[in-house]
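Residue numbers for the sequence shown, in my numbering: 84 to 1282.
Hints were generated in silico from the structure; no laboratory data involved.
Keep in mind that the hints are not guaranteed to be accurate.
The calculated label-pair distances, taken between Cβ atoms and stated as ranges, are [claimed, not checked]: (1) V317 - D265: 39 to 47 Å; (2) S667 - D848: 50 to 58 Å; (3) V1046 - V905: 28 to 36 Å; (4) P278 - V927: 53 to 61 Å; (5) V199 - K255: 23 to 31 Å; (6) N257 - D718: 46 to 54 Å; (7) E261 - D378: 57 to 65 Å; (8) S437 - A374: 47 to 55 Å; (9) K255 - G744: 36 to 44 Å; (10) N155 - D798: 48 to 56 Å; (11) Q812 - G684: 53 to 61 Å.
Treat the numbers as computed from the prediction; the structure is a model and nothing was measured.
Each residue gets a CB set at the ideal place from its N, CA and C atoms; glycine is no exception.
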Amino acid sequence: MKKFIVSTLLALVSTSLIAEDIELYVGNTAQRTGNKPQVLIIFDNSGSMSTDETVKPLYDPNTVYPAVGGLNSLSENFIYFTKGSGVDNASMPVPDSPSESRRFLDAINSCEEARVRLETVGFYTGYIREYAFSGNSGSWQEIPDNNGANIEVIDCWDDIREENPKNAGIEKKNGSIEALPDGYPVDGLGSKGNPVYYTNDVNASNTAFGTGEVVTLYSDNYLRYYQNSSLTNVSISRMDIAKAVMTDLIESAPSVDFGLQVFNFNAYDEYEHDGGRVVFGIQDMTDSATAELIDIIDNGILPQTNTPLCESLYEAMRYFGGQAVLYGKESRTSGTPKDEPDRDYSIETGSGNSKTYTSPYKGCSNEVYVIMMTDGKPTKDNAADGLIGALPGVGSKFSGNYLPALAGWMKNNDINNAIEGVQTATTYTIGFSSGADDAAPILKEAAKLGGGQYYPAQDAAGLLAALQSALVEILRVNASFTSPSIASNNFDRTETLDSVYYAMFLPDRGPRWQGNIKKLKLTDGKQVDREGNVAIDENGNIKSTAKTFWSTSPVADGEDVTSGGVAEMLRSQTVRKLYSDIGSNNALVSFNKTNVSNAYGGDEELATYMNVPEEELESYLNWFIGFDEDDSDRDNSTTDIREDVFADPLHSKPLVVNYGGSASSQDVRIIVGTNAGVLHMFDDNGDTVEESWAIMFKEFFPNIAPLRANYTSSDKIYGIDGSATVHLQDLNGDGSIDEASGDKAWLYFGLRRGGSSYYGIDISDPDTPKMLWKIDETTEGFERLAQSWSKPKVTYAKNNIVNGVPKPVVIFGGGYSTAKDVAGVGQHDTVGNAIFMVDAQTGVLKWSLTPDATSSTNTKFTDLTDSIPSSIAILDSDSDGLTDRLYVGDTGANVFRVDMPSASPFDSESPWTAFKIAALGGEQANSSNDRRFFNEPSIVRALITNTISTTKTNELGDDYIEVTRQDTPYDALLIGSGDRSAPSSIDTSDMFFMIKDKNIITRSFVGENPAPAPIQLADLYDYTNDPFGQSLSATAQTELEIAVSAKDGWYIDFAAEGEKSMSSATALAGVAYFNTFTPAESVSGGQCTLNTGSGKLYAVDLAQGTSIYNWLNTDGTGRDYLDVGDRVPDTPTVVIPPPEEGVTGSGKIMFVGVGAGSDGKGGSGSGTLTLCEASNCDVLNGFTLETMRTHLYIEEDNK
């Protein structure tokens, strides 16, 4: 349905010849296209459901109910709403109340699918949006949580899905209603003065409908009934109550596909007429299908069975798995009583007693949902025990029943092996009436293990609330976030602190994206929220029910980018400490209109630079600060703070700096840049957070106007898009950074897509930043700077020693050349092909490596032909505290080594030299071998046992083969290829490499000591098919060892189409950990998922390339990997939590930033991966974060 806009977007990209990784968020893979949740309702038709209950009469839409609570019915009809919740006494709107703001006029409701249901059942659940403006950019946006007073135009996803173009009206400023044209919602057309809300072409409907929070609408008449406590109670059977509520629910939620299962008779013997049967298979709920299901419920179900909960769920599992029909064919088709209605034969194939189910899983759907509603404990429910107990890894019984264990197994295991991927089921349970009180424990446990929720319900209202709450939870859409950051412990460098920080962003179609940073904590190896609950879900996202730290709201903020975190805090701050680099020599001074205007010579000059009208200059500056100058929230105030005051940290990973303090209370600050061009420092006070300061850099002032206008036709705007690094000098080693004591904290960062600049900031006083220096492509000696992607590295080198004291230097690559964005095979670059070293304090160029002529600061090296976007790997090979070697890859599939053996790069005897250590593309470049390195190589100092075959002659003159094993030291380089700028590309055969650098001594490669020839792909052994992981004879093992020893390393060719390396590897204890990203398969506009692609974590033996862990997933070659979810994975963050107090050997090393954690996607959701514990991990002995990139690895003889 979205094919038109997707094709248009791709055509525009092709025209501009630009590749950016935001294609994952604004392209076709970021649009929901019609897939609906599939829900099987297990409906209790046991005999106890005939019990009468004294309750309020059921809702009658033909009755006009009076206002309640002494209120008078309003003269106009209103529609009321709740967002993110269903019918619930605690959150229901109060009709006719003057103080109730969750409503809008019925006359503007253009959701025709909702209108019909409001007139019949009184409520509707679906995806509702209003049309609103951000600047001059109009789009369909989520409605406010608690205020509908300013809603003018409203519509729903179901109208688009059903291709229902009928629309109502728009409320004008004078209160009148103006008719709207029929059509389908569209974003970005027209202007604020002349908006265009609709298009006649449903295929051109390019909105975000179908995502976000679910909204429930109510008619005013229904709420007057619901709130009316004066209605005379009547006697109604549980069955009739459940039927009425269930049919209303089904009719009210067209965004869900339903199926129905009931119990078989299950009497008189345990093994007679067992389990349950599916009487209505899960299917698209068209009008006719809805009517058929409602008729089955109303007229076909009778209360006459036992309560085989577990057996019925087991049959449901067989249905989901496409297995043979078992209990489905055990219903009583004759006699009295007779099981009615009959099973749904349309979901079965085959004949006679050999029928199998047709699984309801759709082509790219991997989850179904079960809602089990019952009024009592299970009875006659053990016939399936043997079958369930035989499931691999199933849990034990709970109170003599397998129901919870089975629900848990269905949640965590592949139910349908015939379909690619892992198919699971989530189970929700509802205990209806007082009869279910005794069943509550087992129902709670089943929901807990099944990944759902348990809801108790005593009457019709409670049952409806429970059912709607389950649907709302099912319909929720998760957000994504970037890799987490964590702080080191200044008082024990072998440990980290227990806080985890996530930067988040909300993609949009305009240049302005919203962002946030949220905090979780590590407890007992799990990431938890402020209430101590596990905060990561089975997909690796923050749970929607999580209450993150810092938020003051009692409501869960979870994965919602717009709630909680630093964004919530900033919205309450009208006075902030703001700086800008507008002072003399780029000094930081207070950001205000007077200072900014004076810096540019007056308002006219500043307005010209910013490209804004002079008379509106102050308004633009106020907007940039964060004030809601355009009244985007329509609260008639422009002095409050706009919702998106904190912009997106798209590629800027938070940097956590620990200033020390005391062992029990450490001063932790978080630094992050955003694409608004602002650098923020935040102070983590534990349960609260404050902004220490923000710096608004002048080079981004021209971006203010287009950010404010936010036209959807505009390109994404970038600011501080790179991650920062910090250099700390704790002179007295007391664990604290104290400027008064001479300690230093210097910050460095580039801009990535935001430009070519590098900045150095003195943050020694965390509350008063000072500018150190700025460099860009106009600075002398830096003409080859491209986009500043290369994250700066701070170290010490022999050429920057003053009076015998080493001074720190900053090293970075030349950056990313946008020429590589052009479609097709990459060509050589004229910028970015350089390495730079500057004084860390002054920014003065100390040395560079470029193809340009040799000078007093530059070494000419013509082999640098392609841009270098990655950070530079540094090595102190002789442990004297000074870096003497560099390694780096480029976007031409080359890897370089730089030797720095002397104090002068131009020393006559030992000059600094560079050579190409590896060329891993192809002699004739094509799309398949156009490999590009965007990640820093990881260096592992290794000692490996080589197996050597030598032909010798004995004393008889006969030749024989002697096999010897020899320990050989080398420096292993771990690096993976992949185009970070085009993650959806599929044409290149990307790989992961281990390169042996056998020249382990730093020296000059000149004259009689020439550099070795570059290692080619043919010089590496192909580990793709895991040769050492196969079952080998002793002879074959030896032959393989000999062949591998003769090579200069190895490579793994990624198995999936388009699979690529997107982050640096980590090496620990002889294991190489590396991530990959695989783009989603190319599908038509009718695709059914939001999947942008999938991330994988591999762990392989450094020497033999074998898989270390028996993870659940395997690639096309049989190699195990951990599924880290639908995301572009960053390098996992190493965490070393403190050991348990008083417990020897309880320390461990863990990863965070690995999706759901050790179980992978669909697992327990711990959010961590434990690599080793002190009792079995020698690397903990003497391990520190500062040295984790360099390790010693010894491979024992394989004799």
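Against the structure, the hints:
1. Taking the beta carbon of each, V317 and D265 are about 43 Å apart, inside 39 to 47 Å as hinted.
2. Between S667 and D848 the C-beta distance comes to about 20 Å, which lies outside the given range of 50 to 58 Å.
3. About 52 Å separates the C-beta atoms of V1046 and V905, a value inconsistent with the hinted range of 28 to 36 Å.
4. Evaluation of the 53 to 61 Å hint for P278 and V927 yields a pass: the beta carbon distance comes to about 54 Å.
5. Hint check: V199 to K255, Cβ distance near 26 Å, so the stated range 23 to 31 Å holds.
6. Checked against the hint of 46 to 54 Å, the pair N257 and D718 fails, with Cβ atoms roughly 19 Å apart.
7. Distance hint check for E261 and D378: the Cβ-Cβ separation is about 41 Å, which falls outside the suggested range of 57 to 65 Å.
8. Checking the proposed 47 to 55 Å range against S437 and A374 shows it is violated: the Cβ atoms sit about 33 Å from each other.
9. For K255 paired with G744, a C-beta distance near 58 Å fails the hint of 36 to 44 Å.
10. Between N155 and D798 the Cβ separation comes to about 54 Å, which falls inside the hinted range of 48 to 56 Å.
11. Between Q812 and G684 the C-beta distance comes to about 39 Å, which lies outside the given range of 53 to 61 Å.
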